[in-house]
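Undergrad: Sequence:
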Amino acid sequence: MKTKIINLFMASGLLFISCNNENKTTTKPYQSLETPAAKKIAEELTAHGDTRIDNYFWMRLTDDQKNAETPDAQTQDVLDYLNAENDYKESAMKHTEGIQKKLYDEIVGRIKKDDSSVPYNDNGYSYYTRFEKGMDYALYCRKKLKENSKEEIMLNGPEMAKGYSYYGFGGRSISPDNKLLAFGIDTVSRRRYTIYFKNLETGELIKDKIENASGSGAVWANDNKTVFYASKDPVTLRQDKIFKHVLGTDQSEDELVFEEKDETFSCYVYKSRSDKYIMIGSDQTLSTEHRYLAADTPNGEWKVIQPRERNLEYDVAHFGDHFYIRTNDNATNFKLAKTPIAATTKENWADVIPHRDDILLQSFVVFKDHLVLQERVNGLRTIRVMKWNGDNDHYIEFKDPAYVSYPTTNLDFDTNILRYGYTSLTTPNSTIDYNMDTKEQQILKEQEVVDPNFSKDNYVSERLYATARDGVKIPISLVYRKGTEKSADTPLQLYSYGSYGSSTEPFFNSTRLSLLDRGFVFAMAHIRGGQEMGRHWYEDGKLLKKKNTFTDFIDSAQYLVDEGYTSPKHMYAYGGSAGGLLMGAVLNMKPELWNGVVAAVPFVDVVSTMMDETIPLTTFEFDEWGNPKDKEYYEYMKSYSPYDNVAAKDYPNILITTGYWDSQVQYWEPAKWIAKLRELKTDDNLLIMDCDMETGHGGASGRFARYKRTALYYAFMLDLEGMTE
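The sequence shown runs 18 to 742 under my numbering.
Don't read these hints as lab results, they were simulated from the structure.
The model shown is predicted, which means the values in this text are computed figures rather than measured ones.
Honestly, I wouldn't trust all of these hints.
Calculated cross-link-like contacts (lysine-lysine; reagent style DSSO-like; alpha-carbon spacing at most 30 Å) [stated by the list, open to error]:
(1) K57 to K648
(2) K385 to K320
(3) K196 to K161
(4) K416 to K352
(5) K666 to K698
(6) K499 to K119
(7) K698 to K564
(8) K242 to K161
(9) K385 to K196
For each label pair, taking beta carbons as the anchor points, the in silico distance ranges come out as [said to hold, decoys possible]:
(10) L461 to E502: 35 to 43 Å
(11) Y137 to S182: 25 to 33 Å
(12) V467 to K499: 20 to 28 Å
(13) I434 to P585: 48 to 56 Å
(14) K473 to E168: 46 to 54 Å
Glycine included, each C-beta is placed from N, C-alpha and C at the ideal position.
Modelling step: build the complete structure from the supplied sequences, incorporating the hints.
TA: Okay, here's the thing in structure tokens:
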């Protein structure tokens, strides 16, 4: 690499320039403002004989720079630029402050303030969380399974979070004797947790403390004094080590029981649902490996179930004398097998549910007399129930055209009651107990929408299919309020994600009502890159087929226009993280199709990030995006990377969000992107960025604070529609 200074604007690193256009006769509220412009220092990035010039490479800071008590010159320049963008956003959106407040009040007003979760039973106790009115954090509680038992508040979230701008709870686990609680806390929003231990009998914290742990927390052995946990590489944040900690000892004495030396893998630790085994998993996009240890013998020998192989994935559950294994071994859409505990390698695996070309097996739950399968059929998540002998094999029936169903907390083996969740675009999330023998069911709780005028009957859901340019049918789920006229003047928000095999699910969201009740249509495109239509749906939207994700989204949007649901003047696109990459790509490929785009914590500097293995998440994502050290992947990646393809042309109105402490998509990606857009775009449309200086990828930690950003998203779109109420 060779660095050459092209231009340096001011010591602060900022130059304010006017975006006024004297030829325009219509002045928009933000056009009288001066826009921030970042200094330009050319960084020559060369690979495979190709040189890219990155004028904003300087925006990248190390964790040491960010954590320093006194900012160095580079850090100060970055802070000045981020703050300037925030100031500009505040000024540009100042006229929407009223509607933002109204939206926030609406959204928060629909949430039950003194809500509580449906309790679940485990080892003699009933566990639940609850919120008190006005509180931003939950109380984590339990009661003994005895009549008239008193509530025990294990963790008082509101008290614990006092004085912190961010306070995130990680995994919580109870010792087998019910006396001790291990819990993780992150106060930076960098997803590096500290594990604490609390004596639930005395209410006191014990002195043990484990730092730099994963968010999943600690896993207890059955001796009530030994825990296992995953730790992170301090630079890349990859979970690369599993340690054993004995209560009463210092963390420096913890024994390393497993180290994942392959930088493309990440490791984690968990306990089998039967409580018989401690399991260590290692995985990457195309391969997994599991090892196990009897939970009664924490000092025993770990054994590998099946050594890792390229393109072999498997999940493990224990029941009786067998491990049950969901795997893609000669099964693209996965199958279920079982193997004796004494003989666990794949030559011993016997099919329980064989592979099917048209059904994706997503997960399973084992009961004493029943097997429950989470399957994806025709793009929707179904629940299949059967007895072990094959009797009473059936699917739970659902009536909505698009919905989400899923097993929830099922800790009891010896029961015929399955607990599952259900939601749709028109139906609030429900928790249901289902009798697997009689098919009777009881709704334990439906998410309450605190609005006397709300009724799910007021809304209509549809399932459509767009034809992609290669002939593939792309499902689209959409919802709107009854009476909404669908025409070229109808505002429509189109959402999708499309990466990692993560499917975009048609779930209910009460915040969305603020758009629907104002005449918006909300749609989600189930594009390739997810797994909605089976494993091939994912395979056809990654690596050298990644562009299918982007063209599917564009073709879905065009279909909605052609079918008269909206027009480009009223079309809004939204996506976050890898979905933010989607937003960046479609902005470059088809900018004229959108009136506005919201790109949340967007992964947009694809080539540079994937070239740098010191950046968190990079190494174990090579099988998702490709390794740009290979010329073929470099050239393909460069052809769609949003940052590398910003050009001198008109773009629609754009709102970008990020978090300074983001551990998944580093803040400098959206910061560089907006700087380059400001430099090159030829339009006078609104371009703003909201950088939360206190949080990371997931935004604010409190129950209500996160909706301020949602209100900003909605106000951005409503303002473009000329809606002030």
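Undergrad: Against each hint, give a clear statement of whether it holds in the structure.
TA: Each hint, compared with the structure:
Using a Cα cut-off of 30 Å, the hinted pair K57 and K648 holds, with the two alpha carbons roughly 28 Å apart. Taking the CA atoms of K385 and K320, the gap is about 26 Å. The hint holds against a cut of 30 Å. Note on K196 and K161: the hinted pairing holds, with a Cα-Cα distance of about 12 Å set against a maximum of 30 Å. For the given pair, K416 sits about 27 Å from K352 by alpha-carbon distance, which is consistent with the 30 Å threshold.
Simply put, K666 and K698 have alpha-carbon atoms about 5 Å apart, close enough for the 30 Å limit, and the pair holds. Using a Cα cut-off of 30 Å, the hinted pair K499 and K119 holds, with the two alpha carbons roughly 23 Å apart. Taking the CA atoms of K698 and K564, the gap is about 23 Å. The hint holds against a cut of 30 Å. Distance check on the hinted pair: K242 and K161 sit about 22 Å apart at the alpha-carbon level, within 30 Å; holds.
Annotation: proposed proximity of K385 to K196 holds, straight-line Cα distance about 28 Å (limit 30 Å). For the pair L461 and E502, the supplied restraint of 35 to 43 Å holds, since their beta-carbon distance comes to about 38 Å. Take Y137 and S182: their Cβ atoms lie about 32 Å apart, and the range 25 to 33 Å holds. At about 21 Å, the CB distance of V467 to K499 agrees with the hint of 20 to 28 Å.
As the Cβ distance of I434 to P585 is approximately 51 Å, the hint placing it in 48 to 56 Å holds. For K473 and E168, the Cβ-Cβ distance of about 32 Å falls outside the hinted range of 46 to 54 Å, so the restraint is violated.
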